[in-house]
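Residue numbers (this note's numbering), protein chains in the order written: chain C, 1 to 240; chain B, 1 to 235.
FYI, nobody ran anything at the bench for these hints, they're computed from the structure. Any given hint could be a false lead.
[To be verified] Partial list, derived from the structure: chain B residues whose beta carbon lies under 10 Å from chain C: (1) 1; (2) 37; (3) 45; (4) 48; (5) 79; (6) 81; (7) 99; (8) 103; (9) 155; (10) 208; (11) 210; (12) 211; (13) 231; (14) 233.
Keep in mind the model is a prediction, meaning the values are calculated, not measured. All residues carry an ideal CB built from backbone N, CA and C; glycine is no exception.
Listed below are the residues making up each chain.
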Amino acid sequence: MTYSIVARCPRTGQLGIGVASFSMAIGRFCDGAVRSNTGVTLTQGFPNPRNNYLAINLLGQGHTAGQALATLIVNDARGDYRQIAIVDRDDNAVIHSGGKLRPWAAHRIGKGYLALGDGLAGPQVVEAMAARFEGTAEADLDERLLAALEAGRDAGGLAGVRGRLPERSAALVVWGNRPHNEIDLRADLHENAIAEVRRIHADYKPTIAYYDERARNPRNAITGVEFAENLKKQQRKETA
Amino acid sequence: MTYSIIARCPRTGKFGVGSTTFSMACGRRNESVRPNVGVSKSQAFYLRHVDPLALNMLAQGHTPQQIVRMLAADDADFDYRQFGIIDRENNVVAHTGPGCGKWAGHTVGPYYAAYGNGLAGPQVVAGIVAGFLKQPDAPLEDRLLLALEGGRDAGGQESNGVHRPERSAWIRVVDQLDFPEIDLRVDLDDRSVAELRRILAEFKRYRDYYRARCDDPRNAIPEEEFVASLDQKAA
Chain C
1 MTYSIVARCP RTGQLGIGVA SFSMAIGRFC DGAVRSNTGV TLTQGFPNPR NNYLAINLLG
61 QGHTAGQALA TLIVNDARGD YRQIAIVDRD DNAVIHSGGK LRPWAAHRIG KGYLALGDGL
121 AGPQVVEAMA ARFEGTAEAD LDERLLAALE AGRDAGGLAG VRGRLPERSA ALVVWGNRPH
181 NEIDLRADLH ENAIAEVRRI HADYKPTIAY YDERARNPRN AITGVEFAEN LKKQQRKETA
Chain B
1 MTYSIIARCP RTGKFGVGST TFSMACGRRN ESVRPNVGVS KSQAFYLRHV DPLALNMLAQ
61 GHTPQQIVRM LAADDADFDY RQFGIIDREN NVVAHTGPGC GKWAGHTVGP YYAAYGNGLA
121 GPQVVAGIVA GFLKQPDAPL EDRLLLALEG GRDAGGQESN GVHRPERSAW IRVVDQLDFP
181 EIDLRVDLDD RSVAELRRIL AEFKRYRDYY RARCDDPRNA IPEEEFVASL DQKAA
């Protein structure tokens, strides 16, 4: 009961994840999932919490994405229950969808990206995610990941034994060339978690450059409160 | 403006951080805690690379005190930084540069540090510490959240004489494994500390279920049925 898009931006080399789930705080499972200039991975379904770290370490040591995936599967007595995605810095995208995931479990493989999920309304969910991701190739990676999640939700999203299930948590993660994330936004418990991450993203994105500059040049920085107020004024002007 | 508590649980050795601020998504700073190594949480005019650097130095064997000297030597704007570091031997340091503005400061305890900037006054840091010490036998995540609530209830953040809301909040606790035991966030909400309290309470009801589902998925019931059983219990 989770769907995600795991991708590398072919223009910038950024690596990222968009993920939404019926479970709380799905963003926890993005921990250790990305390393700059190395790759991005995610294990979902019935996740194995050690997988992200192992997969990224394997890629970092020089193993191919295919061998990293094979290693994760044999390293786990419950591999049938895991859905594991890996994309490396050469745009190799590999996936394992175990046979015991909740139906519908499905995935789509593209160049440098994967759309995947289990407990879905149907395979059209990952198809819609992949189509939206492909159709927004000119946009920034964070925007493409978020748009793909929205497309998955609008194509039916999650379904359990009693029908449609809400996305109660969501996360958006993007790394650039630094040893930490550029964007890492979450809604941990919300009835419309993807819309909540969209709301936060709209306000957050303009602040990235501000916080970066403020750290490098604190002597001339305006305060965060001033920046937020200026931004609000500007947004009001734009909508007026 | 931000206030934080960092700690090493004296009973379990777990490391944790609790933080809240006017800025969005303070919990994105997940590089600030490393299992079996320590905590380094910087704020005010923070450089993002400093926490991973400090943790790398801790892992190499440097003391927190030595790390402060090395960070100071390599930073022309060290006066604008605020941070705290704890290692696995309970060595604790904190630094509040004079450029961090009014009011900014810190308190260092035997296995924790509380610090903030853009605060209503020193009573906020005192409130963080009092909250943290309120239930010494409680799990670390509870103590971290009590600390944030203590800071908030003591006046929280202020600039130009105006109270500023805590718009994001975060607690993270790590034990020996890479995967964090607790990592819960509120990224944009005018009452983020209260919202984090709601989410932590809810998460605790799910915690054993989520863990069992990862460890042995063969016996896991569908989550929507687990939720229905929780609702029945509550009714």
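Results for each hint:
1. 1: Hint on residue 1 (chain B): holds, closest Cβ of chain C at ~7 Å, below 10 Å.
2. 37: 14 Å, violated
3. 45: 4 Å, holds
4. 48: It holds, given that the least Cβ distance between residue 48 (chain B) and chain C is near 6 Å, below 10 Å.
5. 79: 8 Å, holds
6. 81: Holds, about 8 Å.
7. 99: This interface hint holds because 6 Å falls under the 10 Å limit.
8. 103: 14 Å, violated
9. 155: Result: violated, 16 Å to nearest chain C Cβ.
10. 208: This hint is violated: residue 208 (chain B) lies away from chain C, its Cβ roughly 13 Å from the closest one there, beyond 10 Å.
11. 210: 7 Å, holds
12. 211: 9 Å, holds
13. 231: 12 Å, violated
14. 233: Since chain C brings no Cβ nearer than about 17 Å to residue 233 (chain B), farther than 10 Å, the hint is violated.
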